[in-house]
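Participant: All chains should be built: construct the whole structure from the sequences, respecting the hints.
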Amino acid sequence: MEPGDRSEEPAVSLSQSKALVPLLLLFGLGVLGILATLLDGHSFVPPEGAAANRAYGPADFPEVFDKDDALTGLEEARAAGLAIPVPGPPLTEGLYPCSACHADMPTNPVRRVVDAHGDIVLHHDEENRWCLDCHDAKNRDRLRLASGALIEFTESYKLCGQCHGTQYRDWKSGIHGKRTGYWNGAKRYLLCVHCHSPHSPAFKAMKPLPPPLRPQYLADQGGSHEQ
Amino acid sequence: MNSDRSRRDFLVGATAAAAGMLAACSPAARERFFRRHFQELTPSEIDARMRRLKEDYDRQLGRPTTVSARAALPNTVYGYALDLSRCIGCRTCVYACVKENNQSRDPQIHWIRVLEMKKEKGIDFEGANPYYDPATVPDPDHFYLPVACQQCRNPPCVSVCPVGATWQEPDGIVAIDYDWCIGCRCCMAACPYGARHFNWGEPSLPAKEANTNMHVLGNRPRPRGVVEKCTFCVQRVREGRYPACVEACPVGARKFGNLLDRESEISKILREKRVFVLKAELKTEPKFYYFYSL
Numbered sequence: 001m002e003p004g005d006r007s008e009e010p011a012v013s014l015s016q017s018k019a020l021v022p023l024l025l026l027f028g029l030g031v032l033g034i035l036a037t038l039l040d041g042h043s044f045v046p047p048e049g050a051a052a053n054r055a056y057g058p059a060d061f062p063e064v065f066d067k068d069d070a071l072t073g074l075e076e077a078r079a080a081g082l083a084i085p086v087p088g089p090p091l092t093e094g095l096y097p098c099s100a101c102h103a104d105m106p107t108n109p110v111r112r113v114v115d116a117h118g119d120i121v122l123h124h125d126e127e128n129r130w131c132l133d134c135h136d137a138k139n140r141d142r143l144r145l146a147s148g149a150l151i152e153f154t155e156s157y158k159l160c161g162q163c164h165g166t167q168y169r170d171w172k173s174g175i176h177g178k179r180t181g182y183w184n185g186a187k188r189y190l191l192c193v194h195c196h197s198p199h200s201p202a203f204k205a206m207k208p209l210p211p212p213l214r215p216q217y218l219a220d221q222g223g224s225h226e227q
Numbered sequence: 228m229n230s231d232r233s234r235r236d237f238l239v240g241a242t243a244a245a246a247g248m249l250a251a252c253s254p255a256a257r258e259r260f261f262r263r264h265f266q267e268l269t270p271s272e273i274d275a276r277m278r279r280l281k282e283d284y285d286r287q288l289g290r291p292t293t294v295s296a297r298a299a300l301p302n303t304v305y306g307y308a309l310d311l312s313r314c315i316g317c318r319t320c321v322y323a324c325v326k327e328n329n330q331s332r333d334p335q336i337h338w339i340r341v342l343e344m345k346k347e348k349g350i351d352f353e354g355a356n357p358y359y360d361p362a363t364v365p366d367p368d369h370f371y372l373p374v375a376c377q378q379c380r381n382p383p384c385v386s387v388c389p390v391g392a393t394w395q396e397p398d399g400i401v402a403i404d405y406d407w408c409i410g411c412r413c414c415m416a417a418c419p420y421g422a423r424h425f426n427w428g429e430p431s432l433p434a435k436e437a438n439t440n441m442h443v444l445g446n447r448p449r450p451r452g453v454v455e456k457c458t459f460c461v462q463r464v465r466e467g468r469y470p471a472c473v474e475a476c477p478v479g480a481r482k483f484g485n486l487l488d489r490e491s492e493i494s495k496i497l498r499e500k501r502v503f504v505l506k507a508e509l510k511t512e513p514k515f516y517y518f519y520s521l
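As they're listed, the protein sequences go chains A and B.
With this note's numbering, letter number 184 in the first sequence gets 184, and the count goes up by one each step, no holes.
Numbering-wise, this note's numbering comes out as the position in the second sequence, counting from 1, plus 227.
The hints are simulated quantities; they were obtained by calculation from the structure and are not laboratory data.
All values derive from a computational prediction rather than experimental measurement.
Calculated lysine-lysine pairs in the BS3-like style (CA-CA distance at most 25 Å, straight line): (1) A:LYS187 to B:LYS495; (2) B:LYS346 to A:LYS207; (3) B:LYS495 to B:LYS510; (4) B:LYS500 to A:LYS158; (5) B:LYS345 to A:LYS207; (6) A:LYS158 to A:LYS187; (7) A:LYS158 to B:LYS495; (8) A:LYS204 to B:LYS346; (9) B:LYS345 to A:LYS204; (10) A:LYS67 to B:LYS435; (11) B:LYS500 to A:LYS172; (12) B:LYS500 to A:LYS187.
Facilitator: Below you can see the structure in the form of structure tokens.
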């Protein structure tokens with residue numbers, strides 16, 4: 001370039017740069033828009049070394065995978081001759097039979113919030129229901145159907161089925177609830193109350209097990225594609 | 228004349244040397260060298276191969292194993308149904324499957340992939356996220372769609388395999404002969420569900436974590452360079468048991484049974500619920516159904 005040309009440069013570039021400002025702004029906005037579209041709805045890759053980049057296995061979760069109880073209770077339930085082979089209900093240790101305490105206590109049939117069992121918070125249509133809708137007032141070791149019939153705790157599904165008819169029907173045919181054992185033979189059913197707390201039946205949210213490793217963190221085995 | 232004779236001498240000598248070397252090999256090595264396709268083996272040959280596999284795995288894992296080649300049960304076609312109203316995306320099935328089926332821990336292979344999808348978008352594979360990791364599941368704005376092998380009645384993976392290393396068993400399970408797979412991964416390209424996984428690296432399976440109840444077409448440890456996938460837990464279901472994921476699911480969303488038995492859970496679901504299959508338009512005709520119970 002000739003040295004003489006320089007003297008004219010500032011004047012030219014100044015007038016041009018003024019015209020460029022809106023163009024540059026437009027360009028910048030466009031880039032931002034594209035970036036926003038690219039990132040929208042996609043979670044960021046965790047940073048190098050983050051826990052999510054580790055290859056977890058079932059051995060990392062012994063509390064979930066060390067127990068193998070799929071077949072326990074299967075033979076016992078069959079031997080007990082129950083109409084539906086279910087293991088016993090998950091009664092709180094030391095509380096059953098209820099009559100051990102309630103036999104000597106007067107019954108107060110007035111509907112109210114009861115705090116005698118401090119750990120029980122009724123969250124199951126509590127506006128319309130209370131203890132003695134399901135527990136029998138006279139015989140505390142039995143449950144009470146709407147008809148007044150008394151049933152054992154081992155048949156509590158009959159009680160639940162009074163309201164939850166579709167679930168009861170599905171459960172009886174194996175569609176609702178968990179079955180373990182043999183698909184072509186003895187199956188272990190579970191009572192409603194094995195999974196749903198009768199006093200607060202909605203499932204609690206839980207921590208998911210770790211996600212799969214993203215391909216870029218898969219172990220380098222030093223194969224032919226090693227870099 | 229002289230040159231002809233020397234060539235013949237060479238060929239005779241080389242053949243004799245090769246035969247001698249083969250004769251000197253162990254029977255196991257000979258069997259591996261002259262290996263034939265699993266479906267061509269006679270019952271006694273299958274027994275012999277199972278014995279050799281057992282010896283190999285006993286040595287490899289340092290404890291007694293069983294390697295079964297139990298054939299399909301008569302009058303049985305397996306079907307699977309998954310209740311999308313119930314699945315909470317906890318991934319318990321994913322790791323139960325890894326434990327049961329001896330997948331490589333690192334490099335990591337998962338046969339089940341749980342896809343997180345936006346409720347407002349419905350089933351949208353493009354927008355699905357398999358890497359979700361919130362503090363708790365289920366997320367109120369998302370639902371979860373676990374995907375593994377759909378055990379198609381018309382499996383594209385089987386059609387494309389150039390060596391016939393994968394086929395459909397009489398009970399409908401799409402099986403893989405790990406000894407016959409050449410690792411070309413055509414089946415992975417053909418599978419519309421991403422259900423097949425390749426052992427890029429040497430699989431790692433800690434001996435103390437291994438499941439020693441194995442099936443030759445199922446969960447026996449795989450070598451490097453072969454493709455693997457869900458087999459409906461062939462080692463369990465041919466013994467009458469439920470697949471491991473069915474028994475692991477904490478919400479009872481997974482259902483399994485014999486499609487030919489009208490009283491089975493799966494048949495009742497097909498009759499009583501509105502089920503659907505993934506990518507039905509591809510005419511792969513999966514035996515893995517999804518339904519909403521709510």
